[in-house]
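Spelled out from the first residue to the last, the chains are:
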Amino acid sequence: MTITTLERLKQVFTKTLEISGSNTLHILEYNKTPKWDSIGHMQLVAAIETEFDILMETEQIIDMSCFEKACLILGEHGIDCTS
Amino acid sequence: MTTDMTFEHLLVKSAESLTPQHKTYMMLAGLLELTSHHQRKCPHYTKILQGLEFSSKNCISIEDVPFLPVNLFKKFQLHSLSYPDQIIKTLVSSSTSGNAPSMISIDHETGTRQVRALNKTLQRILGNRRLPMLILDMSSVIRSVPLTARGAGVLGMMRFGHAHCFAFDERMQLQEKEIESFLTKNSNNPFLLFGFTFIAWEYFLQQCPTSWDLGQGVLIHSGGWKKMQSQAVSPDTFKKTFQQKIGLKKIYNFYGLVEQIGSIFLEQENGLLAPPPFSDVIIRDPFTLAPLPYGKEGLIQLLSLVPKSYPGHSILTSDMGVLHPSEIINGSPHCLEVTRRAPMAEIRGCSDTAPNRSELANES
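Respectively, the protein sequence lines represent chains A and B.
For the first sequence, the numbering used here begins at 382 and goes up steadily by one.
For the second sequence, the numbering used here begins at 203 and goes up steadily by one.
What the hints contain is simulated information worked out from the structure, not anything from laboratory work.
Every value quoted in this text rests on a predicted model; they were computed, and no experiment measured them.
All C-beta atoms in this analysis are idealised placements derived from N, C-alpha and C, irrespective of residue type, glycine included.
Please note: incorrect hints may appear among the correct ones.
What the hints assert, rightly or not - Mimicking BS3-like on lysine-lysine, the simulated pairs with C-alpha atoms at most 27 angstroms apart in a straight line are:
hint : chain 1 : residue 1 : chain 2 : residue 2
1    : A       : LYS396    : A       : LYS413
2    : B       : LYS428    : B       : LYS387
3    : B       : LYS249    : B       : LYS277
4    : B       : LYS249    : B       : LYS259
5    : B       : LYS451    : B       : LYS322
6    : B       : LYS452    : B       : LYS442
7    : B       : LYS249    : A       : LYS450
8    : B       : LYS215    : A       : LYS450
9    : A       : LYS416    : A       : LYS396
10   : A       : LYS450    : A       : LYS413
11   : B       : LYS243    : B       : LYS259
12   : B       : LYS441    : B       : LYS428
13   : B       : LYS452    : B       : LYS441
14   : B       : LYS322    : B       : LYS215
15   : A       : LYS413    : B       : LYS243
16   : B       : LYS291    : A       : LYS396
17   : B       : LYS322    : B       : LYS441
18   : B       : LYS215    : A       : LYS413
19   : A       : LYS416    : B       : LYS291
20   : B       : LYS451    : A       : LYS450
21   : B       : LYS322    : A       : LYS413
22   : B       : LYS215    : B       : LYS277
23   : B       : LYS452    : B       : LYS322
Said to hold, decoys possible - So the derived list for chain A, only partly shown, Cβ under 7 angstroms to chain B, looks like this:
hint : residue
24   : ASN412
25   : SER419
26   : MET423
27   : GLN424
28   : GLU438
29   : ILE442
30   : ILE443
Required output: the full structure, derived from the provided sequences and hints.
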């Protein structure tokens, strides 16, 4: 079975922000989670860009304040996160 | 209209369509709203306004908006937050002369305003596309706690780049191999360089092999000219030397305060600094503090709609400057020239946080 896009994004988040399990992902917010500060944010952007081979726009980096927003941004790059 | 609406309006509106009349109207409305916000939220600020017998009814132009001297941020950690745990980071200004640094409290909202404001200003020269980025600093600069002005500057600018490469190791030695690998991959297309003025000159350019071609580079730099002036390096010499030695032609200086991060005055083709759409500048007589007309040198007062978590929307700096009439840029009919530090003011500025290279050699 191939790993879904959503799973891949979850893995990027849990690995970069050093959180155990993906159950809490939906409540995480930028600057309100210990590892998700300005530096963590840049690491997260770089990790997502590498995993999905995309380059975000500056506006998208500013908008990516939670996991849901990251899903939407992937959608803007033509990567469907809903399945 | 609330301050969020005026800020949002000036942020979203195209800078080209902004007229001076409209900008002045929006700035006054936004600044008064911020004054009232801080009056409600910051007890120290409330006392200051009481002492000034301030009444918003008497405020008919931006010159009437009360201002705080920049040194006040060194004496008090002023903030306008209901709960201290809303502070997500505290920025400290550089201070090499033994004076206390400024302590600036940033919450999530103001942090976001800063980045969006910076984006608006830099879009004019960078577009919306992020460029590969060579950072003229060492990687540890972004990890200091509390974050220094220098670190905050680098971190804030990193969003405008990707494939980041730090140019220096922890002893500020040029990482030639890493940079050569960066240039091999990226030098055929536009790429971004960012660093503080003195570091760009003293550490980067002086150690740079002339064989490097940085013709596609866009250098954005900031941090004051104090040390440059002491070496008799003018802005013109700075630009010419970069072009002659490594082919770097696109060079933009900017001026801003750590107390107003996000509001940067970007260098224009005329060599002067333009206020961004949500900021303005007033020159004041150093003795009477009365506003001065174009062409007269005085103390620089900076007004900005960006700060909300601390009362930094109207600050009297300790820099001296002159306002010059210009074509309309970002809704302002004038540009700023920063001339010098006010006499008796301490030396500060991000560039000045780095020692001269000879001083560094003596230390090691």
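**Violated constraints from the hint list, given by number and in increasing order** = Hints 2, 7, 18, 20, 22 and 27 are the ones this structure does not satisfy, whereas the remaining hints hold.
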